[in-house]
Amino acid sequence: MSLAVACLLGATAAVSGYSAAAQKKGGAQSQVARGREVYTSSCVRCHGADGAGHTRLAEIVEPPDMTDPAWQRQRSTARMIASVSNGRGQMPAFKKKLSRQDIAAAVAYVRTLKR
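Positions 792 to 906 (our numbering) are the ones given, in order, by the sequence shown.
Hints are computed from structural coordinates only; laboratory data are not their basis.
One thing to keep in mind: the hints can contain errors.
Restraint ranges, calculated between C-beta atoms of paired labels, are given here [as the list claims (entries may be wrong)]:
#: 1; residue 1: Gly878; residue 2: Glu850; range: 18 to 26 Å
#: 2; residue 1: Gln892; residue 2: Ala840; range: 30 to 38 Å
#: 3; residue 1: Arg906; residue 2: Arg836; range: 16 to 24 Å
#: 4; residue 1: Lys888; residue 2: Ile851; range: 27 to 35 Å
#: 5; residue 1: Ala849; residue 2: Gly817; range: 33 to 41 Å
#: 6; residue 1: Ala819; residue 2: Ala840; range: 38 to 46 Å
#: 7; residue 1: Arg891; residue 2: Thr831; range: 28 to 36 Å
#: 8; residue 1: Glu850; residue 2: Ala819; range: 30 to 38 Å
#: 9; residue 1: Glu850; residue 2: Gly818; range: 18 to 26 Å
Just so you know, these numbers come straight off a predicted model, no measurement behind them.
In this text, a Cβ means the ideal position worked out from N, Cα and C, and glycines have one as well.
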């Protein structure tokens, strides 16, 4: 194989790898954007716009402060998806109201919430 062909193949592989990484990042960003939409339409009422749980319903349903770093660390993504899907404590199940993709997107968005 000539040096020119080897360089061309190497450059193509590098660009392909970069493109795949960029697409993955773009996909994650679009999932978070979709998650924000789902969160706004399905979660804000109890959890608040900022995720801190300071809402009128807070005295009744006592939602957690999802912006708390300790709360975030203590919950795996799988656990959060299961909680949204199946309900947990005072939280109702959303698996019949939202698709699995929308639930995963909402959880991805919640993961971005910070104090």
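Comparing the hints with the structure gives:
As the Cβ distance of Gly878 to Glu850 is approximately 20 Å, the hint placing it in 18 to 26 Å holds. Distance hint check for Gln892 and Ala840: the Cβ-Cβ separation is about 23 Å, which falls outside the suggested range of 30 to 38 Å. For Arg906 paired with Arg836, a C-beta distance near 21 Å keeps the hint of 16 to 24 Å intact. For the pair Lys888 and Ile851, the beta carbons lie near 20 Å from each other, so the given range of 27 to 35 Å is not met.
Distance hint for Ala849 and Gly817: a CB-CB separation of about 36 Å, consistent with the stated range 33 to 41 Å. With their beta carbons about 22 Å apart, Ala819 and Ala840 fall outside the hinted range of 38 to 46 Å. At roughly 19 Å, the beta carbons of Arg891 and Thr831 sit outside the given window of 28 to 36 Å. For the hinted restraint 30 to 38 Å between Glu850 and Ala819, the CB-CB distance of approximately 36 Å keeps it satisfied.
A beta carbon spacing of about 39 Å between Glu850 and Gly818 contradicts the range 18 to 26 Å that was offered as a hint.
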